[in-house]
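K.L.:
Could you put together the complete structure from these sequences and hints?
Note that the sequence shown covers residues 1 to 247 in the UniProt record's numbering.
Simulated from the structure, these hints should not be mistaken for lab results. Heads up, the beta-carbon is just placed ideally off N, CA and C, and yes, glycines get one too. Any given hint could be a false lead.
[Claimed, not checked] DEER-style ranges, computed between Cβ atoms: (1) 81 with 125: 42 to 52 angstroms; (2) 177 with 143: 45 to 55 angstroms; (3) 186 with 24: 16 to 26 angstroms; (4) 25 with 243: 40 to 50 angstroms; (5) 41 with 82: 14 to 24 angstroms; (6) 125 with 178: 30 to 40 angstroms; (7) 106 with 49: 34 to 44 angstroms; (8) 83 with 24: 12 to 22 angstroms; (9) 19 with 126: 45 to 55 angstroms; (10) 19 with 235: 33 to 43 angstroms; (11) 27 with 120: 38 to 48 angstroms; (12) 116 with 246: 17 to 27 angstroms; (13) 82 with 117: 36 to 46 angstroms.
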Amino acid sequence: MTDIAPTDPDGAADGEASALPPWSKLPLRLFDLIVMVALAVGAVLVLRWILHPREISSGLVVGFLFGQNVALVGIVWLIAVVWRRASWRSLGLVTATRSWYRRIIPLALLLQFVVIVTNVLISLGLGQPFDNPQIALIMPDPGDWAAMVGILVATAVLAPIAEELTLRAVLYGWLRRHVGPILAGLISAAAFAALHGSLVLLPGTFLVGLALAWVYERSGSLIPCILLHGCFNAISTLLVFIVAANQ
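P.N.:
Written out as structure tokens, the structure is:
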């Protein structure tokens with residue numbers, strides 16, 4: 001299928017979009033993706049093995065989140081940049097037109113609303129309160145400011161960078177060299193939802209993954225995706241902190 005050149009939602013008002021999308025020069029192969037998945041699974045298993053004997057605490061959760069996301073970035077760098085000599089541009093690390101940055105907060109708020117409505121509908125369908133299993137994991141003890149800062153940095157900064165590099169720059173980028181944007185978006189969104197590991201969260205995270213794939217497709221830059229993902233996660237994490245503070 002013919003590639004769709006990245007576009008600005010306002011047209012060319014902020015400058016001409018690049019004629020070729022970043023994934024057009026992505027040198028990765030299917031074998032590389034398989035190696036990345038194997039290394040990522042191995043890294044997570046090693047982290048869990050290291051941390052398993054210890055009692056779960058906010059500090060342990062922060063350490064696991066930091067380690068997991070740093071490992072993902074390291075794997076992408078090792079395979080894509082060092083081994084396959086991928087340029088930063090081919091990984092989407094180029095600036096987007098200014099109008100995309102103005103849309104980050106409104107889009108993040110819209111996604112929050114969509115996910116909340118989705119979760120409410122799931123709750124009504126199941127006939128029981130919606131229970132997000134990740135809340136208990138990242139909820140720090142009241143007044144533990146160090147844990148709050150660590151969790152916020154991990155979820156709103158490190159996770160968006162690691163996940164967007166892995167799922168948008170690498171997976172979506174590779175898929176777009178072989179299939180159209182709709183199928184690539186569906187597959188990458190499904191992988192994004194599966195990565196979060198909870199059946200009850202699948203519908204909401206799948207919709208977020210679709211939105212992030214759309215932003216990458218239309219902007220031709222990974223930066224708006226990272227910022228949108230980070231803003232969305234920051235809002236979600238701060239809401240968890242508010243709940244913790246009121247307990």
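K.L.:
Hint by hint, say whether it matches the structure.
P.N.:
Here's how the hints hold up against the structure:
Our hint of 42 to 52 angstroms for residue 81 and residue 125 holds, since their Cβ atoms are close to 44 angstroms apart. For residue 177 and residue 143, the hinted distance range of 45 to 55 angstroms is satisfied, since their beta carbons lie about 50 angstroms from each other. Restraint check, residue 186 to residue 24: a C-beta distance of roughly 21 angstroms satisfies the suggested window 16 to 26 angstroms. At about 45 angstroms, the CB distance of residue 25 to residue 243 agrees with the hint of 40 to 50 angstroms.
For the pair residue 41 and residue 82, the supplied restraint of 14 to 24 angstroms holds, since their beta-carbon distance comes to about 20 angstroms. Between residue 125 and residue 178 the CB atoms are about 36 angstroms apart, so this pair conforms to the stated range of 30 to 40 angstroms. Range check, residue 106 to residue 49: about 42 angstroms between beta-carbon atoms, so the 34 to 44 angstroms window is met. The given range of 12 to 22 angstroms is respected by residue 83 and residue 24, whose C-beta atoms sit roughly 20 angstroms from each other.
The hint said 45 to 55 angstroms for the Cβ distance between residue 19 and residue 126, and at roughly 48 angstroms that hint holds. In this structure, residue 19 and residue 235 meet the distance hint of 33 to 43 angstroms, their C-beta atoms being roughly 35 angstroms apart. At roughly 44 angstroms, the beta carbons of residue 27 and residue 120 sit within the given window of 38 to 48 angstroms. Distance hint check: the CB atoms of residue 116 and residue 246 are about 18 angstroms apart, consistent with the given range 17 to 27 angstroms.
Roughly 43 angstroms separates the CB atoms of residue 82 and residue 117, a value that falls within the hinted 36 to 46 angstroms.
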